[in-house]
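Residue numbers (my numbering), protein chains in the order written: chain A, 4 to 724; chain B, 137 to 544.
FYI, nobody ran anything at the bench for these hints, they're computed from the structure.
Values in this document were obtained by computation on a predicted structure and should not be read as measured data.
Even for Gly, the Cβ is constructed at its ideal location relative to N, Cα and C.
What the simulated footprint calls covered on chain B by chain A, stretch by stretch (three residues with Cβ under 8 Å from a Cβ of chain A suffice, anywhere in the stretch; the number is not a length):
id, region
1, 306–315
2, 443–455
3, 526–533
Covered by chain B, according to a simulated footprint, are these stretches of chain A (three or more residues, beta-carbon under 8 Å):
id, region
4, 17–31
5, 44–52
6, 80–88
A few chain B residues facing chain A, derived, Cβ under 10 Å:
id, residue
7, A268
8, A271
9, A272
10, L274
11, A275
12, R283
13, Q297
14, R301
15, V368
16, L416
17, S417
18, R418
19, R419
So you can see what is in the structure, the chains are spelled out below.
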Amino acid sequence: MISPSSGWSTQQLAEFLVAVSAYEDEASAIRCAVEWAAEAVEAEVAAMVRGGRLAAAVGFAQGEAPVADLVALTERPRGIIEVPGAGACQVLVIPVDDDPASHLVIGRSGDGGFDAEESALLRAMARCLVLTLRTLRTLESERTLRAVMARAQEALLESERTFRLLFANNPHPMWVTDRDTFDFLAVNDAAVDLYGYSRDQFLTMRVTDLRWPAESARLAAAMQRMEQGERVVDRIQHRLKDGRLIQVEVTVRSHEFSGRPATLVLAQDITERTALEEQLRHQAFHDPLTGLANRALWRDRAEHAIALCLRDPTPLAVLAIDLDGFKAVNDTLGHPAGDRILVGVSERLTACLRPGDTPAHLGGDEFAVLLEDTAAEEAVRVAERILEELRAPFSVAGKEVFVGASIGIAVTTDAAADGDALLRDADIAMYAAKMRGKGRAELFEPAMHRGTVRRLELGSQLRRALERDELLLEYQPVVSLATGAVETVEALVRWRHPAHGLVLPGEFIPLAEETGLIVPVGRWVLETACRQLCRWRSADPDGPHLSVAVNVSSRQLREPGFENTVTDVLAATGLHPSSLTLEVTESVLVDDMEAVSERLDMLRKLGVRIAMDDFGAGYSSLAYLRKLPLDIVKIDRMFVAGLASCVDDRSLTLAIVRLLDTLDVATVAEGIESAEQLDYVRALGIDAGQGYFFSRPLPAERLGCPPWSAASLGLLRPVSR
Amino acid sequence: MDGQTTGAGQMGAVAATAPTGTARRWAAVGASTETDSRTAGRLATARALAGGEEARLLVVFASDGHDAGELLAGIHEQAGDVPLVGCTTAGEISTDGPTDGGVAVLAVGGEGFTAATAAAGGASEGLREAGAHAAACLAAGGDAPHRVLLLLTDGLAGDPQEVVRGAYSVVGAAVPLVGGCAGDDLRMRRTRQFHGADVLENSVVAAGLCSDSPIGIGVRHGWAKVGDPMLVTRSSSCRVLSLDDQPALDVYLDRLGAPQEARHDHEAFTRFAMTHPLGLSRRSGEEVRFIAGAGFDDRSLTCIAEVPQGGLTWIMEGDGTSVLDATDAACRDALAQLEGRPPLAFIAFDCIARRGVLGDEGIRHEVRRIAEHAGGAPVVGFYTYGEIARTHGISGFHNQTLVVLALS
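Given only the sequences and the hints, what does the whole structure look like? Please build it.
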C-alpha cells in the first residue's frame with residue numbers, strides 16, 4: 004500500500020509522463036512539460052530555457068515573458084521572480100540533461116518555497132522529459148528517414164517512368180546493350196525505323212554488328228571511359244540493314260538494365276549534317292576554282308607544321324609561286340581561259356608533290372606549297388620540277404599558251420617563326436626570281452629581304468619621280484660597222500634618285516611594270532627620245548638619216564593603247580616612223596607568242612622598226628626568229644664576250660648571223676668592249692655594233708651634236724682586217 | 137423542477153450601487169420565468185438595466201428550453217449593443233433562488249467598469265486555441281487595477297482544462313480566470329454559448345471585466361476521501377478499466393457497498409455515483425472526478441475527465457452538510473478578497489453534482505445562504521457541467537465545485 008502522504012507526487016509523475024509522451028513533436032512536448040510541471044506543484048509560472056534561449060513559458064501574458072530574467076535565473080538553483088498578478092514568486096531551477104543544456108524554471112507565489120518532495124518530483128519530470136525528447140528525436144529521425152526513403156522510392160519510380168517515356172518515344176534511336184557482350188537488350192522504335200532491323204532481329208545482334216568498319220578498339224576505349232563515369236560522345240559510322248552507311252553521333256552512358264551492367268546509347272543520325280559541315284568546311288578552306296587549300300587553310304597548316312617543327316626540329320620549306328605572264332592570258336584570251344590555266348597549273352603543281360605536301364591557291368596567279376620535312380636542296384629540286392612542268396604549253400581554246408612561273412623558296416629558320424613570315428620570305432625570294440629573269444627559282448637569303456625593302460621604297464617613290472623630273476635619258480650610239488657612221492642612238496632611261504643616286508632600269512623597270520607605272524614611264528621615254536631626235540635632226544638637217552631606238556617592256560607592249568601612243572608621239576614630233584626603232588626583249592615571247600607577234604606586226608605596219616634586244620640571253624630559240632616580224636636582232640653581250648675565247652660561241656653566232664641574213668634581218672652586236680671583239684664581230688659579218696668600245700651611254704648634252712662617227716666619237720679604232 | 141420559482145414571469149430584480157467616494161459602479165440582476173423566450177429576455181433585461189446608467193456588460197444564463205434566438209432578440213430590444221456573454225444551463229441561479237426553464241441576466245455598469253468580449257468557435261477542433269482566442273479580448277480592457285476573465289465554454293466539446301490552459305497562455309498569472317461549462321438541463325446533448333446577438337455551439341465565449349475595485353473569488357467542493365488510495369492500473373482516457381489490478385467497477389461497488397440496483401441499472405448507478413466521485417491526488421488536496429457511467433460488461437468506470445493510468449485515486453464522499461459548509465466557505469473566501477468593501481454582486485458557478493447531493497430543497501437553501509453572504513447585493517449564476525477558477529497555480533478546472541465571484 005502506498006502512503007497517501009507521499010502519493011500525490013508519484014501520481015503526478017505518472018500523469019506527467021502520460022501527458023508529455025502524447026505529443027509527437029519536441030516543441031509541443033516541452034510546452035506540455037512546462038505546464039504540467041507548473042500544475043503539479045501549483046506554480047503560477049514555469050519556463051524552459053534551452054541553450055540560453057526561452058523554449059517555452061507559461062504564466063506570463065502572451066509575448067511578455069521576461070526572457071532575460073528567466074535566462075539569468077538559470078545560473079542559480081533558486082531565486083525570486085516578480086510575476087504580474089502573482090507577485091514575488093519563489094523560483095526553483097531544475098537542470099535538464101539535454102542537448103543543448105536546458106533548465107526548467109518554476110515560480111510559485113507565497114513564502115514557502117519548494118520542499119524536497121516537490122524538488123524531487125520536478126527533477127524526475129525533467130528526467131522524464133529528456134527521455135521523451137530523445138524518443139521523439141529518434142522517432143523524428145526515423146520518420147524523416149522513412150519520408151526520405153518514400154520520396155526516394157517515389158523519385159525512382161518517377162524516374163523510371165520518365166526514362167521509359169523518353170526511351171520509347173525518343174525521336175532518335177536508342178538502345179540498351181549488355182556492357183560485356185554488347186548484345187542488344189532493348190531498342191526503341193526510332194532505332195527500328197532508322198536501321199531497318201526488326202526489334203526481334205536487333206535482339207539477336209550485337210552493337211558491333213552496326214559498326215562500320217567493324218573495329219572494336221575504339222569501342223573498347225569508349226567503354227573504358229564510360230566505366231570511369233564519363234558520358235561518352237563519339238562520332239562513328241554505322242551500316243544500315245540495306246547496306247547504306249550513315250554517320251552517327253552516339254552518346255553513351257553507363258546504365259543498369261534488369262540488374263545487370265549495361266550501356267544506354269542514344270544515336271543521332273548526322274549524315275546530312277556531317278556532309279553539309281564537310282562541304283562548308285571545304286568551302287571555307289579551299290579555293291573553289293582549283294580545289295586547292297586557300298590562304299586560311301594553308302596558313303593554318305603552316306602554323307601547325309611550324310609548331311611541330313619547334314618541338315621536333317625537322318626542316319620545313321615553303322614555295323611561293325607566281326605565274327609569269329598570266330595577266331596577258333586573262334587580258335587577251337579572257338578570264339575563262341585564265342581560269343582554265345589556273346586549274347591546269349594546280350593540277351601540274353599537285354602532280355609534282357608528295358601526298359603530304361600542301362599546295363594552295365592564294366589568289367590571282369599566286370600559289371604556295373608547304374613542304375614538310377623538306378630541306379633546302381630538296382625544296383629547290385621540287386621547285387625546278389614544278390618550273391619544268393609549267394614550262395610546257397597549256398592548251399586553251401585550241402591554242403597553245405605558255406605560262407612560266409617564278410618560284411621563291413624559304414625554309415624554316417629561327418627567324419621565321421610563323422607561317423606568314425615564312426611565306427613572306429618565300430615571296431621575297433619569288434620577286435628576286437622574277438627580277439633575275441623570271442622562269443626560275445630562288446632560295447631566300449636575308450639579303451633579299453633588304454633588297455625587297457629597297458624595292459618597296461622605290462616602288463612608292465617612282466610615281467613621284469615622274470612628277471619631279473627625276474627620270475632622265477642617256478643615249479648610246481650604234482655604229483655601222485661598214486661605214487663607221489652612227490645611224491642609230493639607243494635611248495636608255497635612268498632615275499636620278501635623290502637619296503640613292505643613279506638607279507639603273509634593271510632595278511626600277513620591273514617595279515614600274517608591277518605597279519603599272521610602266522605606261523606613263525614608257526610614254527615619257529618615247530616622247531623624250533623622239534623630241535631629242537628632232538633637236539638633233541634640226542641641228543644637222545642635212546646629215547644622214549639618224550634614228551632613235553627605245554626599249555619597250557613586255558608590259559608596255561601588251562598595253563591595249565600602245566600603238567596609239569606611238570602614233571601620237573610620232574605625230575607630235577613630226578618624225579617619220581622609220582626614225583623610230585622599238586626594242587623588245589625575248590621575255591615578251593614568254594607570253595602568248597601569237598599575240599605578241601600580232602602586236603609587233605601592227606607596229607611594224609606603222610613604219611616603225613622592230614628590234615629584238617638581248618638575243619640569246621633567255622629563251623634562245625631560232626624558231627621564233629622566223630615567225631616574228633623583226634627588222635633588227637641585237638645579239639647579247641654574252642655572245643660577244645665569248646667570241647674571243649669560245650669557238651662554239653663563234654660558230655653559233657655565225658649560224659645566227661647567216662640565218663638572219665637570209666631572213667633579211669639586220670644584226671647588231673651588243674657589249675663590244677674591245678678592238679678584238681670588234682674584229683670578231685666584223686669578221687662574222689654583223690651589220691652594226693654597240694658598246695663601251697665606241698661609247699658608253701651619255702646624256703644628250705654630252706654627246707653634243709651629230710653627225711657622229713666612230714672617228715668623231717674618238718673611240719673607234721681603225722678596222723684592222 | 138418547475139414550480140420552484142417564486143412565480144412564473146414574476147421574478148424580481150435586485151440592484152446594488154457602489155458607495156460614493158469611488159467611481160460610480162453598479163450591478164443588477166433581472167430574472168424571468170416567462171415561457172415566451174423574447175418576452176423573458178426583454179423582461180429580465182429590463183429589470184437588470186434598471187440598476188443604473190451606462191451598462192457595460194450583460195451576462196446571461198438561460199435554460200436550454202428557451203428559443204435562444206428569440207431570447208437574445210428580446211434582450212437586444214432592451215439593451216441595444218451592450219456587450220453580452222452567456223450560455224445555457226442545467227438550472228439558473230438568481231437572487232430570488234434557483235430556477236429551471238428561466239433566464240437570469242446580470243448587468244454591470246458605470247464608469248468604474250470596462251468590459252470587452254470575444255468568442256471562438258470550433259472548440260472541439262482546438263480547445264486550447266479556442267481558449268487562447270477568446271482570452272485575447274482582455275487586451276482591450278485597459279490597465280485597470282482589478283481584472284478578471286469570465287470564461288463560458290461548451291463542456292461537451294472536450295477537456296475544459298485545455299481551454300483554461302489556452303486562456304492562461306494568453307493572460308498569464310496576472311488575471312484570474314472564472315467561469316463554467318454550459319449545460320443543457322442534464323440532457324448532455326448540446327449546449328449553447330451566447331455572444332452579442334449570436335447563438336453559438338461548440339464555442340468558448342469570454343468577457344474581460346476591469347474594475348476600479350477589488351474582485352474576490354472563492355472555490356470549494358466539500359468532498360472528503362474515503363478509505364485507502366487505489367492505483368489506477370489500467371485506464372484509457374476517461375475509462376478506468378482496473379484499479380489495483382482488479383476490475384474497476386467491482387472494486388468501486390464493493391468498496392462502497394453499493395445498493396443492488398446500482399449494480400445492474402445504469403440510471404441507478406449514475407444517481408449513486410453522483411455522490412461518490414473519484415479523487416485524484418494533488419499537492420494541496422484532491423481533484424474530483426465525476427463518474428458518469430458504468431460498463432457492466434467490461435466492468436469499467438467512465439468519468440467526465442481523464443483519469444491517468446499509473447496514478448492514485450480515492451473514492452470521495454460528500455453529504456448535504458459538507459457541501460453547504462463548502463458554500464459558506466467559498467462565499468467567505470470571495471468576500472475576504474474585497475479588502476473590506478461591500479460586494480456589488482455575486483456570480484455563482486455551481487456544479488450540477490452538488491445539486492444532486494443537496495436536492496431541490498437543498499439548493500434553495502444554498503442560494504439563500506449565498507444571498508445572505510451577499511448582504512443584499514444581487515446574486516446570479518447557474519448549475520454547470522464543470523467549473524473554472526484559476527486564482528493561484530495554473531490549474532483552473534474543477535469538478536463538483538462551487539465557484540463564487542464577488543464584485544465590489
